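> So you can see what is in the structure, the chains are spelled out below.
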Amino acid sequence: MSWATHDVEPYVIRRHIERLERKLGFRISFMAILLGSWWPDMMTKWLVYGITVGPWDVKIDNPPQFHRSWPGVGFTHSLMYGVVVAGLFYVVFRKKSWAKVWAVGLLIGVWAHVLSDTLDTNGVMLFFPFSLDRVHLDVWAYAGQTGRYQDGTAYFSSFGFVWDGFWIVMVLLNWKVLKLEYFRAYVSSADPFWGFLHRRLHMPEQALIVLYRGAFFYGVCRWCAWLIWVHVTHSNSFDLTLGGPSWVPPFETLLPFMGGAACPCGMPH
Amino acid sequence: MTHDSEPVPPDAPRSFREAALANLKTLFPYLVAGALFILFGVIEPKFMLNWSPGLVLLLLVVWVVPALWRRWRRR
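From first to last, the protein sequence lines stand for chains A and B. Take the first sequence: its position 244, counted from the start at 1, is 244 in our numbering, and no numbers get skipped. Just add 269 to the spot in the second sequence (first one is 1) and you have our numbering.
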């Protein structure tokens, strides 16, 4: 899984979809791309790490299986899921002028999330329901089964933090996307969401631009804070080997219809 | 529509130096909010696990407090 990447990459996407927008003939909502980028984990992450409801601790027995495989909610990390979410959104709101503006944004956002998550050792069922095989490039270790803090420690000790850093640098190279002029010309003018906040909630433009920059701010700051927390406060070392860090315990995910056989890639997970 | 075609507002910065100062003035409250977020996050990492406290902090530092300050100074 990726951390700050899901907050930051929508800005780079927003900057580079202008050619697609010209072909489609309409602008694509930035908020929809951002929401789509968060959507697969919003549906699943709280159960992966576990939550406490009153006296009960709710946690899944096998988080890697639940999060990315079938049986489980691994379908939320597939290309088809993006199509279904965008399609349902379009069908429900098809009479609204902004239906396609948001539907295409959601599709792009979900796909960006799914493709980013192929980089860890658990991978995603990219072609669900046509294939239940998980596509995983094994650049860093999936550590959702170890809990939030250990997961953060593993991610920010491995190539994961480099991946987040790459997207932060990409936004900085495309810094104009954060400017007020860009927000006016390409973001707020295309999406009635901002008009809604302005008219109904009486938010001035100064507040809207802060909201627009908010996900980038959150991504960059937590990237810095996690790096300090993991490596300065808690003195963990970096492990920049493929599939690292090596201390993350291996996990088992069942491959349905194969009697729980090991993953055909041969990796010990 | 591109912002290049927009008319230049009368209060637009005239020189590179003025433009850089205007950019720094915009950036400064974000840097303050960022430093606070990182400080709170390192002290209590729960703060980093949800985007909403970060957004509230950002709105407070970059928008609410400066707006209140400007209003107070006008009196």
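Rather than coming from a laboratory, the hints here were simulated on the basis of the structure. All figures in this text were calculated on a predicted structure; none of them were measured in a lab. C-beta: ideal position from N, C-alpha, C; glycine also. Heads up, some of the hints might be wrong.
Negatives, chain A to chain B, calculated, CB over 12 angstroms [said to hold, decoys possible]:
1. 162
2. 173
3. 191
Selected chain A positions facing chain B (in silico; Cβ < 7 angstroms) [as the list claims (entries may be wrong)]:
4. 218
5. 221
6. 233
7. 234
8. 238
> Confirm or reject the statement that residue 191(A) sits farther than 12 angstroms, beta carbon to beta carbon, from all of chain B.
holds, 14 angstroms
> Taking the closest Cβ pair, is residue 218(A) under 7 angstroms from chain B?
holds, 4 angstroms
> Examine each Cβ of chain B, and state whether all of them lie more than 12 angstroms from the Cβ of residue 162(A).
Holds: least Cβ distance 19 angstroms, greater than 12 angstroms.
> Should the interface hint for residue 234(A) be scored as holding, given a Cβ-Cβ cut-off of 7 angstroms against chain B?
At about 10 angstroms, which exceeds the 7 angstroms cut-off, the nearest Cβ of chain B leaves the hint on residue 234(A) violated.
> Is the interface hint for residue 221(A) satisfied, with its Cβ closer than 7 angstroms to some Cβ of chain B?
Hint holds; residue 221(A) Cβ to chain B Cβ min 4 angstroms, cut 7 angstroms.
> Should the interface hint for residue 238(A) be scored as holding, given a Cβ-Cβ cut-off of 7 angstroms against chain B?
violated, 18 angstroms
> Say whether it holds or is violated: residue 173(A) keeps its Cβ farther than 12 angstroms from all Cβ of chain B.
holds, 16 angstroms
> Does the nearest C-beta of chain B fall within a distance shorter than 7 angstroms of the C-beta of residue 233(A)?
holds, 6 angstroms
Hints 7, 8, counting from the list given before, are not met by this structure.
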